[in-house]
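For the protein sequence lines, the chains are A and B, in the order given. Residue numbers for the first sequence follow my numbering, beginning at 515 and rising by one. Residue numbers for the second sequence follow my numbering, beginning at 15 and rising by one.
Treat each hint with caution, since some may be false.
[Said to hold, decoys possible] Reference excerpt, derived from the structure (chain A facing chain B, CB under 7 Å, subset only):
1. R521
2. T549
3. I553
[Unchecked claim] BS3-like mimics (lysine-lysine), calculated; alpha carbons at most 27 Å apart, straight line:
4. B:K111 to A:K519
5. A:K662 to A:K598
6. A:K562 to A:K519
7. A:K598 to A:K675
8. B:K111 to A:K562
9. B:K111 to A:K579
10. A:K662 to A:K562
11. A:K676 to A:K652
12. B:K196 to A:K637
13. A:K637 to A:K696
14. A:K675 to A:K629
15. A:K699 to A:K676
16. B:K196 to A:K675
17. A:K699 to A:K629
18. A:K637 to A:K608
19. A:K699 to A:K671
20. A:K629 to A:K579
21. B:K190 to A:K676
22. A:K671 to A:K608
23. A:K652 to B:K111
24. A:K652 to B:K190
25. A:K637 to B:K111
26. B:K190 to B:K111
27. B:K136 to A:K652
28. A:K562 to A:K696
29. A:K519 to A:K629
30. A:K662 to A:K652
31. A:K707 to A:K652
32. A:K608 to B:K111
33. A:K696 to A:K608
34. A:K662 to A:K675
35. A:K662 to A:K637
36. A:K699 to A:K652
Because the hints were derived from the structure by calculation, they are not lab data. Treat the numbers as computed from the prediction; the structure is a model and nothing was measured. The beta carbon of each residue, even a glycine, is placed where N, CA and C say it ideally should be.
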Amino acid sequence: MNFEKIRSSLAYQGVLLGGTALLTTAALALAARATDADIHAAEARDMKQSFAVVLPGQYDNDLLKDTLTLNGPNGEVTVYRARKAGQVEALVYKVSGNGYAGAVDCIMGIDRTGKITGVRVIKHRETPGLGDKIEAAKSRWIFAFEGKYLGDPPADKWGVKKDGGVFDQFAGATITPRGVVKAVKGGLEFFDKNRAQLLDGSAPKEVTHE
Amino acid sequence: MSNVYARISRESLWDNNIVFAQILGMCPTMAVTSSATNGLGMGLATTAVLLTSNMIISAIRNIVSEEVRIPVYIVIIATLVTLVDVSINAWAHDLYKVLGLYIALIVANCAVLGRAEAFAAKNPVLPSGMDGLMMGLGFTFALTTIGAVREIIGAGTLFADAHLLLGQAFSFMELKIIPDYKGFLLMILPPGGFLVLGFLIAGKRVIDRNRAQRAVVAETPAAEPVAS
Numbered sequence: 515m516n517f518e519k520i521r522s523s524l525a526y527q528g529v530l531l532g533g534t535a536l537l538t539t540a541a542l543a544l545a546a547r548a549t550d551a552d553i554h555a556a557e558a559r560d561m562k563q564s565f566a567v568v569l570p571g572q573y574d575n576d577l578l579k580d581t582l583t584l585n586g587p588n589g590e591v592t593v594y595r596a597r598k599a600g601q602v603e604a605l606v607y608k609v610s611g612n613g614y615a616g617a618v619d620c621i622m623g624i625d626r627t628g629k630i631t632g633v634r635v636i637k638h639r640e641t642p643g644l645g646d647k648i649e650a651a652k653s654r655w656i657f658a659f660e661g662k663y664l665g666d667p668p669a670d671k672w673g674v675k676k677d678g679g680v681f682d683q684f685a686g687a688t689i690t691p692r693g694v695v696k697a698v699k700g701g702l703e704f705f706d707k708n709r710a711q712l713l714d715g716s717a718p719k720e721v722t723h724e
Numbered sequence: 015m016s017n018v019y020a021r022i023s024r025e026s027l028w029d030n031n032i033v034f035a036q037i038l039g040m041c042p043t044m045a046v047t048s049s050a051t052n053g054l055g056m057g058l059a060t061t062a063v064l065l066t067s068n069m070i071i072s073a074i075r076n077i078v079s080e081e082v083r084i085p086v087y088i089v090i091i092a093t094l095v096t097l098v099d100v101s102i103n104a105w106a107h108d109l110y111k112v113l114g115l116y117i118a119l120i121v122a123n124c125a126v127l128g129r130a131e132a133f134a135a136k137n138p139v140l141p142s143g144m145d146g147l148m149m150g151l152g153f154t155f156a157l158t159t160i161g162a163v164r165e166i167i168g169a170g171t172l173f174a175d176a177h178l179l180l181g182q183a184f185s186f187m188e189l190k191i192i193p194d195y196k197g198f199l200l201m202i203l204p205p206g207g208f209l210v211l212g213f214l215i216a217g218k219r220v221i222d223r224n225r226a227q228r229a230v231v232a233e234t235p236a237a238e239p240v241a242s
């Protein structure tokens, strides 16, 4: 029996497809294993960079390893705690709002008195040129949150100007800043509600999380 | 033999360019060409996939049967794209943040399967590799050109953020073509991609026609004495 004939037999097709799947899966498994550590390291480096941006100042612990998981407005929130001499001085966590084109993910830093130290948008799909002014690289809008807390402005003023609040909207894009303001307000309310638990540093210092 | 490679290069880079002549791979073309840097990055990633997929598929062309060749090719291409994806994520993480979302789109680029089917499945490994490389470079050229036009008109810059793609040494490429430019949003949004692509394809047709006419003019005097 020559190869031509075997190649057109039914069994050969199954063997060929199975063999291809097996080999490619093996290649992918090897690649996943080889890159896993580097990808995690790169992501951790990214997180550290964004911590430094929303939380200026020096802290003497590794925020990535000092976490707390609580139930927030949209499911579980992982809170990273910054300490000085063992005491929780500030917190960083992600908040998410609804923009014009889906979720807008932000990271915010807040000190132990409840004042915002910084907010940055880390992921969004807003319209370039209109909604993307929420990025720190495009506009200074996002810096308006620094130093604000629930009470300054008062809770009913936590909105864009169009809704009677104090924060600017953009010409041609109201939904995006509205979503971000709402997300940040939600973050502050989350802090307010869980203040005791968040600032209680007695929990084991090294908490691993999934 | 070198003649074959020269022909492959000319075909791939210009005459049969994936974007400007075959009009393939429109999905990544439209999605990423909002800047020249994005176009260049996507083009290079696609070139890597095209080169390796063409060579692998050419190497196994005799054991793959006619009946199941398409699923076999697609699985191989998808695997290669995933390998490129995780490699960039692990070892060029800054670039991944720019291109990450679009790398997976290379699977959807029918030009890759097209080259596998039209060339690699019928030719030896080396010419297939050459075809993949040159088709990829032609694709890169097209994407970078579209990206450059859209970026200059849309944002007034050229190769912005090139250092994320090529490293700090290349930050000299980042030019501000038009100072104090307010931007022209249409060009950055998807319609701009279609407009620029249309004009560039038309431009290529004009160049090709002029060249063909010149070739005819050059030939006619030689033919005349025979006629008279």
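How the hints compare with the structure:
At a threshold of 7 Å, the smallest CB-CB gap from A:R521 to chain B is about 5 Å, leaving the interface hint in force. The beta carbon of A:T549 comes within 4 Å of a beta carbon in chain B, closer than 7 Å, and the hint placing it at the interface holds. With 7 Å as the threshold, the beta carbon of A:I553 comes within range of chain B, its nearest partner Cβ sitting at about 5 Å, so the hint holds. Restraint check: the Cα-Cα separation between B:K111 and A:K519 comes to about 50 Å, which exceeds 27 Å; the hinted pair is violated.
For the given pair, A:K662 sits about 22 Å from A:K598 by alpha-carbon distance, which is consistent with the 27 Å threshold. Under the criterion of a C-alpha separation no larger than 27 Å, the hint pairing A:K562 with A:K519 is inconsistent with the structure, at around 61 Å. With a C-alpha separation of about 38 Å, the suggested pairing of A:K598 with A:K675 is violated against the 27 Å cut-off. For the hint pairing B:K111 with A:K562, the CA-to-CA distance comes to about 16 Å; that is within 27 Å, so the pair holds.
Of the pairs offered as hints, the one joining B:K111 and A:K579 holds, with about 24 Å between alpha carbons and a cut-off of 27 Å not exceeded. Using a Cα cut-off of 27 Å, the hinted pair A:K662 and A:K562 holds, with the two alpha carbons roughly 23 Å apart. With a CA separation close to 22 Å, the supplied pair A:K676 and A:K652 stays within the 27 Å bound. With a C-alpha separation of about 24 Å, the suggested pairing of B:K196 with A:K637 holds against the 27 Å cut-off.
Between the alpha carbons of A:K637 and A:K696 the distance comes to roughly 16 Å, so the proposed pair stays at or under 27 Å and holds. At most 27 Å may separate the alpha-carbon atoms for a hinted pair to count; A:K675 and A:K629 meet this at roughly 21 Å. Proximity of A:K699 to A:K676 is assessed by CA-CA distance (about 17 Å); at most 27 Å being required, the pair is judged to hold. Of the supplied pair hints, the one linking B:K196 and A:K675 holds, its CA atoms being roughly 25 Å apart against a limit of 27 Å.
The straight-line distance between the Cα atoms of A:K699 and A:K629 is roughly 12 Å, inside the 27 Å bound, and the hint therefore holds. Proximity of A:K637 to A:K608 is assessed by CA-CA distance (about 11 Å); at most 27 Å being required, the pair is judged to hold. A hinted pair counts as satisfied when its Cα atoms are at most 27 Å apart, and A:K699 with A:K671 qualifies at roughly 10 Å. With a C-alpha separation of about 23 Å, the suggested pairing of A:K629 with A:K579 holds against the 27 Å cut-off.
With a C-alpha separation of about 35 Å, the suggested pairing of B:K190 with A:K676 is violated against the 27 Å cut-off. Taking the CA atoms of A:K671 and A:K608, the gap is near 22 Å; set against the 27 Å cutoff, the hint holds. Between A:K652 and B:K111 the CA atoms are separated by roughly 17 Å; this keeps the pair inside 27 Å, and the hint holds. Between A:K652 and B:K190 the CA atoms are separated by roughly 16 Å; this keeps the pair inside 27 Å, and the hint holds.
Restraint check for A:K637 and B:K111: the C-alpha separation of about 10 Å stays at or below 27 Å, so the hint holds. Proximity of B:K190 to B:K111 is assessed by CA-CA distance (about 23 Å); at most 27 Å being required, the pair is judged to hold. Using a Cα cut-off of 27 Å, the hinted pair B:K136 and A:K652 is violated, with the two alpha carbons roughly 51 Å apart. Among the hinted pairs, A:K562 with A:K696 is consistent with the structure: their alpha-carbon atoms are about 25 Å apart, no more than 27 Å.
For the proposed pair A:K519 and A:K629, the alpha carbon gap of about 77 Å is over 27 Å, so the pair is violated. A threshold of 27 Å between alpha carbons decides the hint, and for A:K662 with A:K652 the separation of about 21 Å falls inside it, so the pair holds. Restraint check for A:K707 and A:K652: not satisfied, since their Cα atoms lie roughly 33 Å apart, outside the 27 Å limit. With a C-alpha separation of about 18 Å, the suggested pairing of A:K608 with B:K111 holds against the 27 Å cut-off.
The hinted pair formed by A:K696 and A:K608 meets the criterion: a straight-line CA distance of about 13 Å does not exceed 27 Å. Pair hint A:K662 plus A:K675 holds up; C-alpha atoms about 16 Å apart against a cutoff of 27 Å. A C-alpha spacing of about 22 Å is found between A:K662 and A:K637, which places the hinted pair at or below 27 Å, so the restraint holds. A C-alpha spacing of about 22 Å is found between A:K699 and A:K652, which places the hinted pair at or below 27 Å, so the restraint holds.
Taken one by one, the earlier hints fail for this structure at numbers 4, 6, 7, 21, 27, 29, 31, listed in ascending order.
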